[in-house]
Amino acid sequence: MISRRDFLTRSMAVVSLGVAVPGVFAKAALAARAEASAGAARTLVVVQLAGGVDGLNALVPYASPAYRDNRPRLGIPEDEVLPIGDGFGFHPALADFKALLDAGHLAVVQGAGYPNPNFSHFKAMDIWQSADPEGKAASGWLGRYFDGLVDASGHPLAGLSIGRSLPRAFQAEEATLPAVGSLESFALQGPGNSADAGPRRAGLLRMYDVYRPAGTPFAALLDATLDGAVQSSAELIAAHAAYEPAVAYPDSSLATGLRLLAELIDSGEGASPLRVGHVTLGGFDTHAQQPAVLEGLLAQLGAALSAFWQDVVAHGHEDEVLVMTWSEFGRRVRENANLGTDHGSVGPMFLIGNALKPGLHGDPPSLTDLDDGNLRYTVDFRSVYAAVLEGWLEAPADEILGAHFEPVDVFKT
Amino acid sequence: MTEGQPGAETPLLYRRSTRRAVLAGAGAAASLAALYAAFGDRVLGGADAPAAADEARALEREEVRISHLLRRAGFGISQPELTRYVNMGLDATLDELLRFETIDDSETERLADALPIDNRGAPVARWVVRMANTKRPLQEKMTLFWHGLLTSQLSVVRDGNAMHAQNEFFRANAFGSFPDILKGISRDAAMMVYLDIDGSQRGAPNENYARELMELFALGVGNYTEQDVREAARAFTGWRVPRQRRDFGPALGEPVFVPRLHDDGTKTFLGRTGELGPDDIVDTITQQPASARYIVRRLFSYFVYPDPSDEELEPFTEVYLAGGRRIGPVVEALLRSDVFYSPRAYRALIKSPLEYAIGALKALGLESEAPALLTAPGGPEGGRGGAGGRLAEMGQVPMEPPNVAGWRGGPAWLNSATMFARLNFIDAASRGLLSPRGLRRAQPELPFRTAAEALALYLPLLLDDNVPDEQRQTLIEYAGGLDAVLSPEKKQGLVYLLLGSPQFHLA
Numbered sequence: 001m002i003s004r005r006d007f008l009t010r011s012m013a014v015v016s017l018g019v020a021v022p023g024v025f026a027k028a029a030l031a032a033r034a035e036a037s038a039g040a041a042r043t044l045v046v047v048q049l050a051g052g053v054d055g056l057n058a059l060v061p062y063a064s065p066a067y068r069d070n071r072p073r074l075g076i077p078e079d080e081v082l083p084i085g086d087g088f089g090f091h092p093a094l095a096d097f098k099a100l101l102d103a104g105h106l107a108v109v110q111g112a113g114y115p116n117p118n119f120s121h122f123k124a125m126d127i128w129q130s131a132d133p134e135g136k137a138a139s140g141w142l143g144r145y146f147d148g149l150v151d152a153s154g155h156p157l158a159g160l161s162i163g164r165s166l167p168r169a170f171q172a173e174e175a176t177l178p179a180v181g182s183l184e185s186f187a188l189q190g191p192g193n194s195a196d197a198g199p200r201r202a203g204l205l206r207m208y209d210v211y212r213p214a215g216t217p218f219a220a221l222l223d224a225t226l227d228g229a230v231q232s233s234a235e236l237i238a239a240h241a242a243y244e245p246a247v248a249y250p251d252s253s254l255a256t257g258l259r260l261l262a263e264l265i266d267s268g269e270g271a272s273p274l275r276v277g278h279v280t281l282g283g284f285d286t287h288a289q290q291p292a293v294l295e296g297l298l299a300q301l302g303a304a305l306s307a308f309w310q311d312v313v314a315h316g317h318e319d320e321v322l323v324m325t326w327s328e329f330g331r332r333v334r335e336n337a338n339l340g341t342d343h344g345s346v347g348p349m350f351l352i353g354n355a356l357k358p359g360l361h362g363d364p365p366s367l368t369d370l371d372d373g374n375l376r377y378t379v380d381f382r383s384v385y386a387a388v389l390e391g392w393l394e395a396p397a398d399e400i401l402g403a404h405f406e407p408v409d410v411f412k413t
Numbered sequence: 001m002t003e004g005q006p007g008a009e010t011p012l013l014y015r016r017s018t019r020r021a022v023l024a025g026a027g028a029a030a031s032l033a034a035l036y037a038a039f040g041d042r043v044l045g046g047a048d049a050p051a052a053a054d055e056a057r058a059l060e061r062e063e064v065r066i067s068h069l070l071r072r073a074g075f076g077i078s079q080p081e082l083t084r085y086v087n088m089g090l091d092a093t094l095d096e097l098l099r100f101e102t103i104d105d106s107e108t109e110r111l112a113d114a115l116p117i118d119n120r121g122a123p124v125a126r127w128v129v130r131m132a133n134t135k136r137p138l139q140e141k142m143t144l145f146w147h148g149l150l151t152s153q154l155s156v157v158r159d160g161n162a163m164h165a166q167n168e169f170f171r172a173n174a175f176g177s178f179p180d181i182l183k184g185i186s187r188d189a190a191m192m193v194y195l196d197i198d199g200s201q202r203g204a205p206n207e208n209y210a211r212e213l214m215e216l217f218a219l220g221v222g223n224y225t226e227q228d229v230r231e232a233a234r235a236f237t238g239w240r241v242p243r244q245r246r247d248f249g250p251a252l253g254e255p256v257f258v259p260r261l262h263d264d265g266t267k268t269f270l271g272r273t274g275e276l277g278p279d280d281i282v283d284t285i286t287q288q289p290a291s292a293r294y295i296v297r298r299l300f301s302y303f304v305y306p307d308p309s310d311e312e313l314e315p316f317t318e319v320y321l322a323g324g325r326r327i328g329p330v331v332e333a334l335l336r337s338d339v340f341y342s343p344r345a346y347r348a349l350i351k352s353p354l355e356y357a358i359g360a361l362k363a364l365g366l367e368s369e370a371p372a373l374l375t376a377p378g379g380p381e382g383g384r385g386g387a388g389g390r391l392a393e394m395g396q397v398p399m400e401p402p403n404v405a406g407w408r409g410g411p412a413w414l415n416s417a418t419m420f421a422r423l424n425f426i427d428a429a430s431r432g433l434l435s436p437r438g439l440r441r442a443q444p445e446l447p448f449r450t451a452a453e454a455l456a457l458y459l460p461l462l463l464d465d466n467v468p469d470e471q472r473q474t475l476i477e478y479a480g481g482l483d484a485v486l487s488p489e490k491k492q493g494l495v496y497l498l499l500g501s502p503q504f505h506l507a
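Read top to bottom, the protein sequences are chains A and B.
Note that my numbering gives residue 177 to position 177 of the first sequence, counting from 1, and the numbers run on in steps of one.
Note that my numbering gives residue 124 to position 124 of the second sequence, counting from 1, and the numbers run on in steps of one.
None of these hints come from the bench; they were simulated from the model.
It cannot be assumed that every hint is accurate.
In silico contact screen, one side only, chain A against chain B (beta carbon under 8 Å); selected entries [unchecked claim]:
#1 P65
#2 A95
#3 K98
#4 K123
#5 G192
#6 N193
#7 S194
#8 G203
#9 Y208
#10 F218
#11 L221
#12 S366
#13 L367
Just so it is clear, CB atoms sit at the ideal spot from N, CA and C, and this is done for glycine as well.
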């Protein structure tokens, strides 16, 4: 079986032929050097809250008369809100967030949005994931980050998305990033415990290893892809087997996904290979009967992220992990007639980590100066991306975002 | 500073890119070009390099040319089809593929029509049934070409009937004239909703469709200005798509033209001035030499190999122009050309998930089970697209391209997760476990007893009887010898190794 080193060596052989070397191979050739110097690497965990979170009932402006006027039935009563200062408080189901904030690990960016908001789930998701309000960029903002990594094609587990399909944010021009539905599906399946499983697997790998025709451009790529996949799968499975979580994770797919990321963050001898993990919690499209649905989802979110953070801390990685949430839009300010809220514009983004200045960031959007019934954004979400890219991942934000956005000042200096 | 060398101001993990602006749009060509530059003709020799000829020498055999043709002009080949086409010979096979309108395909239509249309996965299942069972494979392959070029997403349009109607339009016009196809799609309800022709009006034109029409559909970047986008957008104003609310999404009606919302003023577009309407815009675009090169390049890359030079395109561009900008003559010229059967074209494309999965099902005689591919609902995260099942895991759900640029294709099909999805699909199909939870079983017939019989049957069918000796030895060793009578498990395992082989990913 070809090892990754062999693949690099082979790429180097191409280099040594003296042809113009495309970027992807130049990067592979530099990979070994980058590995040696990467040091204590950092991981960003992106949590997508799909469907459009009602920001006004997650981060509640409970002291605002306009909030009460617009939310006569859905407004969270003041005595139930978990106050965090400045007239704001968390939804009571976010007690875990309140505890993280009190411990100094949670920051909230208020009023995150962009000009001319789009109210279609899919188009708005495209905008957030491509970081392009025109929705034109073919790649995702994290994909572009991976494309720029020196080691983009070197380690298959630099980026890991939990879920069946790759999120738009991870779409890259050059880097190939896996979407992992489960450990079971991210592995070669076969006849289970049968004595034939071993020979079959060995036979398959050999079929790829010995296919070396001159002139077929893809033979090496196929072999390297299978080889990388098998290695990644083995790493994840070994990490899973060796890992002892310090907390009991809740029973939810979000928590299961976060646990998988925690295992990878803790795996191996040196720094984790994982730069960016992506998990999704869906169901926030609360057009009707919002209170029970939102309460359940926020409780699930808080419990899963709290368990994840405690686990990360217990394993000594609290300085290496940053969590960021986003949702494609908020909800309209005024509640609808079905005990729900319709598609809106801006919402808060939550960040969890040790390097953060805890508390509220950005200006609260006005509840009275509305744009056709919707909040006006006060922080461009790309300023949050810029902060995370420059301040956490140490990547050139302007290049990745295609323009300069002043990073939100969320990190301790 | 060489590219890839990190600058002093950036950390070592990161390089400053010297590539074009990252937001410039579709970049598939760039990375394909990179791969070819490294592994392809510049290093390893082009169409006539002796090194490349080794494996491609198989093309000297007519049955290999027929298999090669059916990988490109169809979705692979079943054993009965291979026998039939080989008996007919390559020329007659080409005639049959190209004159698809003369072939009775009513049986396939009945299979498709038996499936309902809803707003989630069903129109997708209908189409997959057709791809797997059609007697007009080239027509379905062209339908997929048009969908991948003139994209719409079911999750955005949210009306299965409208997407189905668009699909029927592509099928009916598969070989039609490019201007006519563009004019038709400009009036298609799903497209109007997808790219915001719907609702665009005088004084506030939406530029979405006008821009994509030039950038991605028919011309290519660098061949128009922002002013052209604005002027073209004015020409597409005035259309409304009526809609009624339904369970999941709206039911779209026939698009309606509302003259008072249309900007009928004078426009100057690509050097032409007048009271231009949508059809004038399309005609002006398709009369550009760059448009001819654009569409012919897309066809060449789809059927032959990626990134042809302008020189290689020229004969086919001439056919396109001489044939009144009809697509059929270009495809015919491509499929009959020497370059199509040249070493550089052999195993030179990575199969899309649809080609890969349907090709495997056909080889196993399970093509009628294709809808089982789609029985799984979307993931627990409730992401876009309610359908897709194993196709979603492999990275290609029909009617759900990742964005308006369509599937990037080529090396982008392959990553560790999609590689597992492909091989695990082969595992499931060879063991007769078609639905992901094993609820539906469809045992393939494995009509052989020994490895010798299996290789005699499947090497020609799947791999052009063209594999290195080391691979042949691997298969024989796995089987425990050429003549050992195989257990059911070994039979399935052998088929798994054959279908799971690296060459089967290549078209």
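Are any of the numbered hints broken by this structure? If so, which, sorted upward?
Of the numbered hints given earlier, those the structure breaks are 1, 2, 3, 5, 6, 12, 13, listed in rising order.
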